[in-house]
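*Asks:* As they're listed, the protein sequences go chains A and B. With the numbering used here applied, the first sequence corresponds to residues 1 to 113, in that order. With the numbering used here applied, the second sequence corresponds to residues 1 to 112, in that order.
Keep in mind the hints are simulated off the structure, nothing from the lab. All figures in this text were calculated on a predicted structure; none of them were measured in a lab. Beta carbons are placed, not taken as given, at the ideal position from N, Cα and C, and that holds for glycine. What you were told as hints is all true, and nothing was included just to trick you.
Heads up, simulated PhoX-like pairs for lysine-lysine below, C-alpha to C-alpha not over 25 Å straight-line:
1) A:K101 / B:K71
2) B:K68 / A:K101
3) A:K1 / B:K42
4) B:K22 / B:K71
5) B:K58 / A:K101
6) B:K22 / A:K101
7) A:K101 / B:K42
Far from chain B, some chain A residues (derived; all Cβ distances over 12 Å):
8) T14
9) S22
10) P61
11) R67
12) R73
13) N77
14) S79
15) L83
16) L110
17) S111
18) V112
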Amino acid sequence: KAGVTQTPRYLIKTRGQQVTLSCSPISGHRSVSWYQQTPGQGLQFLFEYFSETQRNKGNFPGRFSGRQFSNSRSEMNVSTLELGDSALYLCASSDDRGGEKLFFGSGTQLSVL
Amino acid sequence: GENVEQHPSTLSVQEGDSAVIKCTYSDSASNYFPWYKQELGKRPQLIIDIRSNVGEKKDQRIAVTLNKTAKHFSLHITETQPEDSAVYFCATRSGGYNKLIFGAGTRLAVHP
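This is chain B alone, in the form it adopts within the complex (with noise of 0.2 Å):
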């Protein structure tokens, strides 16, 4: 069935340093693929998205890169400051409309 894994689970960097939060998808037709920030007690914030017509996106310090041939999709973080500390959350859309499939979640860190 449709699955994303997501790694690694934690993450811990000093602050300027970067961050890369790895997925792997099962789903050959899945075609969305947009990057969650939860923070503690918070809502889950979109930071950034990408299709599957595009190879790369970016966006000031974060940057987004899909590999459709190998089914994975990364987050990298450059830069990193203490308020990037967050739950990551990747995600793709499978079936159609509105339903994502989440990954697990990676626990950054970033220590001043």
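Bound conformation, chain A alone (with noise of 0.2 Å):
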């Protein structure tokens, strides 16, 4: 099987701007969530979607959304940028049978100038 893929690899987007970044997560996995990697605070939790349905969300600004599509594929957005949204930001993906194993994608760079 494929892994966890998320597109793009790396990003240069600039203070007001918006982004849009994509996870596809393993086949036949229906919960895909996204977290936040920086050096200062670590990884963190951004929301998880199953089956099209948002059902968590960490502590980030309304700024930061995200969606899933019925093939299971997610799709985040940040609006109105700012500089310290500069971060790795991850996919992972489970099946959700019990499991509770997240699975990684190797995550989209984000720097904001």
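Can you join these two chains into the complex? Each is in its own frame, and there are hints to help.
*Replies:* Here is the structure:
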């Protein structure tokens, strides 16, 4: 099986712009979670989607949003980018059959200038 | 709120030695405890996990122990090798579903 795929791998944006990141989960996995990784804050949970519904959300401002499609692919969007949004954004998928194991993608490295 | 403390932040060992990383969590409802290894520039990879109804789990050179009463769990790596060098993250599942709370990470360096 192919692993979790995230695109693009790198992004450079300027303050005030918006960005959309994409994640394709492992085939058959219906749960997709998003995490932000920074040197200062570590790995922080953004939100989780299951069957096109957000079922959990972390403590991030409303500028961070996401969605999931019927094929389980997910996108996250960040509007009005700030310098502090520079981070590695990781997507993880799970088959959600009680196994709980999360498998991560390679991430999208976002730089906000 | 939910919090996971991880120690030490850096760990340097000689090849063949053992390494131990410890984590303490705050949410007594936590029921799942995975460990991830992240090599430089790579994705976090699940190396071992344990559920709250199990006290210890072993997989070859790595093992995890859980003390629910004290709310801490540990990763043990025996016979370390240079390829074990990476950042290791502990995590707990809190609030149900797939929300993981991560520790700050431990940078392990194994010297030949």
